[in-house]
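Student: Using the sequences and the hints, build the whole thing.
Protein sequence lines correspond, in order, to chains A and B.
If you use my numbering, the first sequence corresponds to residues 6 to 158, in order.
If you use my numbering, the second sequence corresponds to residues 17 to 731, in order.
No lab work stands behind these hints, which were simulated from the structure alone.
For each residue, glycine too, the CB sits at the ideal point set by N, CA and C.
A few of these clues could be false.
[Stated by the list, open to error] Residues from chain B that keep clear of chain A, each with C-beta distances beyond 10 Å, as calculated:
#1 87
#2 102
#3 113
#4 130
#5 140
#6 237
#7 239
#8 313
#9 371
#10 497
#11 498
#12 507
#13 571
#14 658
#15 682
#16 683
[Stated by the list, open to error] Taking beta-carbon pairs under 7 Å as the criterion, some of the chain A residues facing chain B (in silico):
#17 111
#18 114
#19 137
#20 140
#21 141
#22 144
[Said to hold, decoys possible] Here are the computed distance ranges between Cβ atoms for each label pair:
#23 157/A / 725/B: 52 to 58 Å
#24 79/A / 503/B: 36 to 42 Å
#25 154/A / 668/B: 31 to 37 Å
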Amino acid sequence: MLAWKMQAEKQGYFTIEEWRRGLKALRADTIIKLKKALPELEKEVRRPSNFLDFYSYAFRYCLTEEKQKSIDIESICQLLDLVLGSQFHSQVDLFVQYIRTQVDYKVINMDQWMGFYRFCNEISFPDFSNYDPELAWPLILDNFVEWMRAKRS
Amino acid sequence: MAPMDCLAYSKALLKPLAFSFASGSSLPTCDTWYFRNAYNMVLHKFGEKLYSGLVSTMTLHLKEISKSIEVAQGASFLEELNRKWADHNKALQMIRDILMYMDRTFIPSTHKTPVHDLGLNLWRDNVIHSSKIQARLRGTLLELVRGERTGEIINRGLMRNIMKMLMDLGSLVYQEDFEKPFIEVSADFYRVESQQFIECCDCGDYLKKAEKRLNEEIERVSHYLDATSEAKITKVVEKEMIENHMSRLVHMENSGLVNMIMDDKYDDLGRMYSLFHRVSNGLSILRDVMTSHIREIGKQLVTDTERLKDPVGFVQQLLDERDKHDKIISFAFNNDKTFQNALNSSFEYFINLNPRSPEYISLFVDDKLRKGLKGVSEEDVEIVLDKVMMLFRYLQEKDVFEKYYKQHLAKRLLSGKTASDDAERSLIVKLKTECGYQFTSKLEGMFTDMKTSQDTMQGFYAAMGPEIADGPMLTIQVLTTGSWPTQLSAPCNLPSEILGLCDKFRTYYLGTHTGRRLSWQTNMGTADLKATFGKGQKHELNVSTYQMCILMLFNNADMHGYREIEQAMEIPASDLKRCLQSLACVKGKNVLRKEPMSKDISEDDSFFFNDKFTSKLYKIKIGTVVAQKESEPEKQETRHRVEEDRKPQIEAAIVRIMKSRRVLDHNNIVAEVTKQMQSRFLPNPVVIKKRIESLIEREFLERDKVDRKLYRYLA
Chain A
6 MLAWKMQAEK QGYFTIEEWR RGLKALRADT IIKLKKALPE LEKEVRRPSN
56 FLDFYSYAFR YCLTEEKQKS IDIESICQLL DLVLGSQFHS QVDLFVQYIR
106 TQVDYKVINM DQWMGFYRFC NEISFPDFSN YDPELAWPLI LDNFVEWMRA
156 KRS
Chain B
17 MAPMDCLAYS KALLKPLAFS FASGSSLPTC DTWYFRNAYN MVLHKFGEKL
67 YSGLVSTMTL HLKEISKSIE VAQGASFLEE LNRKWADHNK ALQMIRDILM
117 YMDRTFIPST HKTPVHDLGL NLWRDNVIHS SKIQARLRGT LLELVRGERT
167 GEIINRGLMR NIMKMLMDLG SLVYQEDFEK PFIEVSADFY RVESQQFIEC
217 CDCGDYLKKA EKRLNEEIER VSHYLDATSE AKITKVVEKE MIENHMSRLV
267 HMENSGLVNM IMDDKYDDLG RMYSLFHRVS NGLSILRDVM TSHIREIGKQ
317 LVTDTERLKD PVGFVQQLLD ERDKHDKIIS FAFNNDKTFQ NALNSSFEYF
367 INLNPRSPEY ISLFVDDKLR KGLKGVSEED VEIVLDKVMM LFRYLQEKDV
417 FEKYYKQHLA KRLLSGKTAS DDAERSLIVK LKTECGYQFT SKLEGMFTDM
467 KTSQDTMQGF YAAMGPEIAD GPMLTIQVLT TGSWPTQLSA PCNLPSEILG
517 LCDKFRTYYL GTHTGRRLSW QTNMGTADLK ATFGKGQKHE LNVSTYQMCI
567 LMLFNNADMH GYREIEQAME IPASDLKRCL QSLACVKGKN VLRKEPMSKD
617 ISEDDSFFFN DKFTSKLYKI KIGTVVAQKE SEPEKQETRH RVEEDRKPQI
667 EAAIVRIMKS RRVLDHNNIV AEVTKQMQSR FLPNPVVIKK RIESLIEREF
717 LERDKVDRKL YRYLA
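Tutor: So, in structure tokens, the structure goes:
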């Protein structure tokens, strides 16, 4: 979250600019003030208008290599839990279970990442009654829904 | 002149008339008296009285006539009626002539019925519709028709006259007094008869009977009924005999449509077609049953594993089935286009049920182009190829066919096994017409390579001439990589005699074509060897390149172990084993002897030159280069390659579409791509989706930020 506020480019590194930018935005110039600012920050992150930006930032944050476009399944599972776990607990659990077991995809790209967030927001759970595979959902989500339906019956 | 009593006048008028006609003599000589009096009466304003007098006199007269008809017995009833009617007509004519002045002046001005029509109406009301005659007339007529239907001979002339009488009285009279009851009774009659027939006849016989009845009715109408009745009565027969029993007839066990088709009963089928054509939905029932029958036999054909062991026979069977049904449609179904379409769609359906159909069709063509068309005339060749093209059109996966065709063609060309160059070219042209230049450009490239190679060889031998005159004769085909099916060239150690020549060729070729790279495809070559065996018998062996290398080893020693050979040759183990098997384990071609004598090749085997080899033939072929049905792993491999080839094609289509449309929703993209690809194969929507996502990842496309169904082209 802190990295997002600072809009840090590289995972695990903060440039002086980024550091200054972030702390200024948080109005914190001591460690104590920083600690206090964190809960506020969390609320800010959770605000729907910011969350989308935060969510996509989280993905990009994990692209450590240059020209890397996708993240391996294991990392995705952890990232999902971290970012969406509290908000969409059951969806994340099941989806994580699914992508660990399927064999079609070894990595997840940005499109699929963003697609999942939309999915959690728009599709009724756990029945998926309003899911229409004719629409342009990423294929991995089509397969996920099919897998869920098969599991249930 | 004193005004005459009109009534008396008309009485006077009618009596002699009636009398004279009954006796056949003509009007008495004072007919001018009649004219004059009629004229005067009208002139002096007595027209009304004249008219009413006419009416009452004629009415009375007709009532008399009616009675005389009523007393007629049996057959003479109609005859009497007919006779009296004839008389009446003649009388009417005369009366009309006599009263012409009244007809022309008095009647129009008073809007009364003209004389002739009056006469007809009075006849109708007093005779035909008299209580004792009306029902009897109707009954008699219907009885006669029924009699004729059951085989009796009736007086048709009489019937015709009676019918004409009814028509003359007005078509309404005809309809009410005859036609309507006639139709009703006929319907009952045919309902009963059709029920009897259908219980005891088979389909073919029933149809013959139905046709006969139909023709009878048409003939009846033409002979003695009014023409307007034809449509009505035929409709009755069609409904009762055909429409009501359509389903039962078509599905009749052992004699229904399916049996007729299987037994090629053209007559029966033609009859069925023309009869059912008359009935609404008749043809669609026929078409549906035929379609499901063809689909059924087709499905059985393509899933019959026994039959599928012989691909050439299988395809021949497909062609035969198509021919058979084609004939039926053209001979019996009047070449009906809707049936043709049904036939085509059925074939398309079941041919694509078996994913190996493209391969089999290519094998069939391969067989024909190798030897099957020897001695066949040029036109017949065209016919066979056209038929093959028909099957080709049914394929959904035309790109699979292309792959196999290329493989088979390569084998044919390289082993020199094409029976007719013209036939090959002809087929390529047909494929080009059907699928476009793209489809055949590589195939044509293959032909070009063969030709060019010939020229190259000539040049080589001319240039090298004396240097290589006493070495083995080399024929080399130079293949352009892109055109020919991809083969991995495995290593192979050629014998020194050959190697030298090969190098010379390489130098020569690269001398004239700098910048090219040559790699030997040793797995596709052949060689002719002259061998001398133990007792001095000489044979010429036609073998593959690998086999040649193996055999040449035995020029140095009589015995070689498997491992020795493997080391010396350096060719892949599976190929080596296959070659050794064909050289040592096949009866009649065992130029090598193997110890132990088992069927399979093991690494510990030893091989000996078979001194004792004999054969009746001088030239022996031991090659292994014939095109065969692929083994399971090979099939998977080919299928995999086809799928891989399709991916870039689909992507290219997507990019093309998006470039021109800029923004498009998912369903439309899928539809467009399918349309673009359909001449080659049917793309799977899931595959298309995957390709779209791949393109999104590579930033050729993006999803629209607002409407999630849309994709956008990224320039």
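Student: May I ask you to test the interface hint for residue 137/A with respect to chain B, counting a Cβ-Cβ separation under 7 Å as satisfied?
Tutor: violated, 10 Å
Student: Against chain B, run the beta carbon of residue 114/A and see if the smallest gap drops under 7 Å.
Tutor: Since the shortest Cβ distance to chain B is 5 Å, the answer is holds.
Student: Checking a non-interface call: every C-beta of chain A should be farther than 10 Å from the C-beta of residue 87/B. Is that right?
Tutor: Check passes; 87 Å lies beyond 10 Å.
Student: Are all C-beta atoms of chain A more than 10 Å from that of residue 313/B?
Tutor: With a cut-off of 10 Å, residue 313/B remains clear of chain A, as the shortest Cβ separation is near 36 Å.
Student: Does residue 102/B sit more than 10 Å from chain A, CB to CB?
Tutor: Non-interface label stands for residue 102/B: nearest chain A Cβ at 81 Å, farther than 10 Å.
Student: Against chain A, does residue 140/B hold up as non-interface, every C-beta pair farther apart than 10 Å?
Tutor: With a cut-off of 10 Å, residue 140/B remains clear of chain A, as the shortest Cβ separation is near 73 Å.
Student: Using Cβ atoms and 10 Å as the threshold, tell me whether residue 682/B really stays out of contact range of chain A.
Tutor: At roughly 4 Å from the nearest Cβ of chain A, residue 682/B sits no farther out than 10 Å, so the non-interface label is violated.
Student: So is residue 371/B really clear of chain A, every C-beta pair being over 10 Å apart?
Tutor: Correct as stated: the minimum Cβ-Cβ distance to chain A is 22 Å, above 10 Å.
Student: Over 10 Å from every CB of chain A: does residue 658/B meet that, or does the non-interface label fail?
Tutor: holds, 20 Å
Student: Beyond 10 Å on every Cβ pair: is that true for residue 571/B relative to chain A?
Tutor: holds, 54 Å
Student: For the hint on residue 140/A, just tell me whether its beta-carbon gets within less than 7 Å of chain B.
Tutor: holds, 5 Å
Student: With a cut-off of 7 Å, does the beta carbon of residue 111/A approach a beta carbon of chain B closely enough for the hint to hold?
Tutor: It is violated, given that the least Cβ distance between residue 111/A and chain B is near 13 Å, above 7 Å.
Taken one by one, the earlier hints fail for this structure at numbers 15, 16, 17, 19 and 23, listed in ascending order.
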